[in-house]
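Peer 1: So you can see what is in the structure, the chains are spelled out below.
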Amino acid sequence: MSGTEKWIAFITIIVREVRRFLRIWPQTLLPPAITITLYFVIFGTLIGPRIGPMAGFNYIEFVAPGLIMLSVITNSYGNVVSSFYGAKFGKSVEELLVSPVPNYIILTGFVMGGVARGLGVGVIVTLLSLFFTRLNVEHIVVTCSVVFLTSVLFSLAGFINAVFARSFDDISIIPSFVLTPLTYLGGIFYSIDMLPGLWEGVSRANPILYMINAFRFGVLGVSDIDVGWAFLMIGLFIVGLYAYSMYLLVNSKGLRS
Amino acid sequence: MTESALTIRNLRKAYDNGFEALKGIDLDVEQGDFFALLGPNGAGKSTTIGILCSLVRKTGGQVKIFGLDIDSRFSEAKKYIGIVPQEFNFNQFEKIYDILVTQAGYFGIPRRLAEQRAEKYLRLLDLWDKRSTQAMMLSGGMKRRLLIARSLVHEPRLLILDEPTAGVDIELRRSMWHFLREINRQGTTIILTTHYLEEAESLCRNVAIIDRGRIVQNTSIKSLLKTLNREVFIFDTRDAIETLPDLGGLPGHLLDEHSFEVEIQKSDSLNGVFDRLSRQGVEIVSMRNKANRLEELFVSLVRANSDEPAAEENEEVA
Numbered sequence: 009m010s011g012t013e014k015w016i017a018f019i020t021i022i023v024r025e026v027r028r029f030l031r032i033w034p035q036t037l038l039p040p041a042i043t044i045t046l047y048f049v050i051f052g053t054l055i056g057p058r059i060g061p062m063a064g065f066n067y068i069e070f071v072a073p074g075l076i077m078l079s080v081i082t083n084s085y086g087n088v089v090s091s092f093y094g095a096k097f098g099k100s101v102e103e104l105l106v107s108p109v110p111n112y113i114i115l116t117g118f119v120m121g122g123v124a125r126g127l128g129v130g131v132i133v134t135l136l137s138l139f140f141t142r143l144n145v146e147h148i149v150v151t152c153s154v155v156f157l158t159s160v161l162f163s164l165a166g167f168i169n170a171v172f173a174r175s176f177d178d179i180s181i182i183p184s185f186v187l188t189p190l191t192y193l194g195g196i197f198y199s200i201d202m203l204p205g206l207w208e209g210v211s212r213a214n215p216i217l218y219m220i221n222a223f224r225f226g227v228l229g230v231s232d233i234d235v236g237w238a239f240l241m242i243g244l245f246i247v248g249l250y251a252y253s254m255y256l257l258v259n260s261k262g263l264r265s
Numbered sequence: 148m149t150e151s152a153l154t155i156r157n158l159r160k161a162y163d164n165g166f167e168a169l170k171g172i173d174l175d176v177e178q179g180d181f182f183a184l185l186g187p188n189g190a191g192k193s194t195t196i197g198i199l200c201s202l203v204r205k206t207g208g209q210v211k212i213f214g215l216d217i218d219s220r221f222s223e224a225k226k227y228i229g230i231v232p233q234e235f236n237f238n239q240f241e242k243i244y245d246i247l248v249t250q251a252g253y254f255g256i257p258r259r260l261a262e263q264r265a266e267k268y269l270r271l272l273d274l275w276d277k278r279s280t281q282a283m284m285l286s287g288g289m290k291r292r293l294l295i296a297r298s299l300v301h302e303p304r305l306l307i308l309d310e311p312t313a314g315v316d317i318e319l320r321r322s323m324w325h326f327l328r329e330i331n332r333q334g335t336t337i338i339l340t341t342h343y344l345e346e347a348e349s350l351c352r353n354v355a356i357i358d359r360g361r362i363v364q365n366t367s368i369k370s371l372l373k374t375l376n377r378e379v380f381i382f383d384t385r386d387a388i389e390t391l392p393d394l395g396g397l398p399g400h401l402l403d404e405h406s407f408e409v410e411i412q413k414s415d416s417l418n419g420v421f422d423r424l425s426r427q428g429v430e431i432v433s434m435r436n437k438a439n440r441l442e443e444l445f446v447s448l449v450r451a452n453s454d455e456p457a458a459e460e461n462e463e464v465a
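So the protein sequences, as listed, match chains P and H.
Just so it is clear: in the first sequence, position 98 is 106 by our numbering, and no numbers are missing.
Just so it is clear: in the second sequence, position 99 is 246 by our numbering, and no numbers are missing.
So here's chain P without its partners, still in its complex pose (with noise of 0.2 Å):
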């Protein structure tokens, strides 16, 4: 394929994927918003005056930035693995398969499909987050760039879970039993700072921590980590996560017999 059919290709993949999330919105962009907006009313408003300031912000405040990575983790993961898992479960991933599209274009069209959806529903999160509490970006190009690389990240997660899946049950087992406690134990209702030496270190250990904090950075100026380690680490995870998705689509039985 030349340059421009290539092109073509990853652009008609992207499209597919936003036609497919926007045509099911009632099951892909209107829930975040409602469980986000509860956690806001829960945690803001009624729960977080009672909890006093966090890391020199209100709760409501220092909360904000972790529920919308929250919202743009689980949208990037849940768009790839539901969407290649359905594809592969109803065979139509075999009009990709059979075309001349190479693999990478289907690797990277899937992955863009999920950061179009982890974004929007980004989007969507951070324009209700306004309703509660002010949202002062204090470093613009960390909190863009955090945010994009954390749902490349979670959508080659994603496309991984559905490689591997034989059932739609596989599908859910990862997001509620890995990624979910991973993510609230990821410091997105707290500082760190506040927990006892061990557990600290043991949340140190969590991926998720990191990118919620460098987005925490990116938005009020204030990290539990250093910033420039959480973007090695978020780099470190998409190369490998690409480059195992990349031999998954080459050798999965699943796909090829």
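No lab work stands behind these hints: they were computed from the structure.
For clarity, every value in this text was computed on a predicted model and none was experimentally measured.
Keep in mind that a hint or two might mislead.
Unchecked claim - Derived list of chain H stretches under chain P, where covered just means 3 residues or more per stretch with a C-beta under 8 Å from a C-beta of chain P:
1) 202–214
2) 223–231
3) 251–260
From the three backbone atoms N, C-alpha and C, an ideal C-beta is built for every residue, glycine too.
Following the hints, complete the assembly by docking chain H onto the known chain P.
Peer 2: Only chain H this time, still in chain P's reference frame:
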């Protein structure tokens, strides 16, 4: 010399469980041909097609599409192929117009041209009125036509149809035959697998019969039919008969009180049979072949092959 549309040499496929689905097949399909690939279930037809469209990895051998090796010039070779699979493998929730435009996009066709092609093939296959309908809402016959339209949207030079008329009613089957003949006439090479041997006999010029991973026959349909040296006819009588008339020693038997069947060698004349029946006062009102001729040949070839000791008896897992 013109390149063959498809060249297969020593193609092998062994699955992880050890089952050898293809045991080194050779096949050539000339450009412009209408070619039938026949075989019983599990013979290796779908595995062969799977390898051509890269859904199955071959274990050994070489495949060329219009001279392009699928290992070294994979992307270019794929552009030449259109696949109509056995199963409905489109997104059932998508509108059928979007399915075609998207498929064209995967082949790098610009949006405007993709839309024109989608309209052209949806109209040709009588689906244009349903363009905004979700695929899941179509009838079985419409879904089959959608598969064909999708396979043509990038205008391939080689169209491979895997059981395209399975489960399709007779009227629709005939209209699909007409359509396929027309695109073949316009220059598209077609390879067809089918269980309806009448379909292969009616449409195809050349045929390969595959059984247990080996090609057991590869010739023209005409040459194949010439090898058939006997036919069974059914005669319907005007008046009821109680016993089988004297057929001059030809094998036959009574089917019911108004019909009987008789097996006739190609060297024998039907006139002799009619003379003999007339002399006995048996009036024939109609006659027909008992079975499809190609079907008889197919069964005899596969049966002959199954008499040979098989390397393994296993289930295909393609």
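Peer 1: Which of the numbered hints are not met once you compare them with the structure shown?
Peer 2: none
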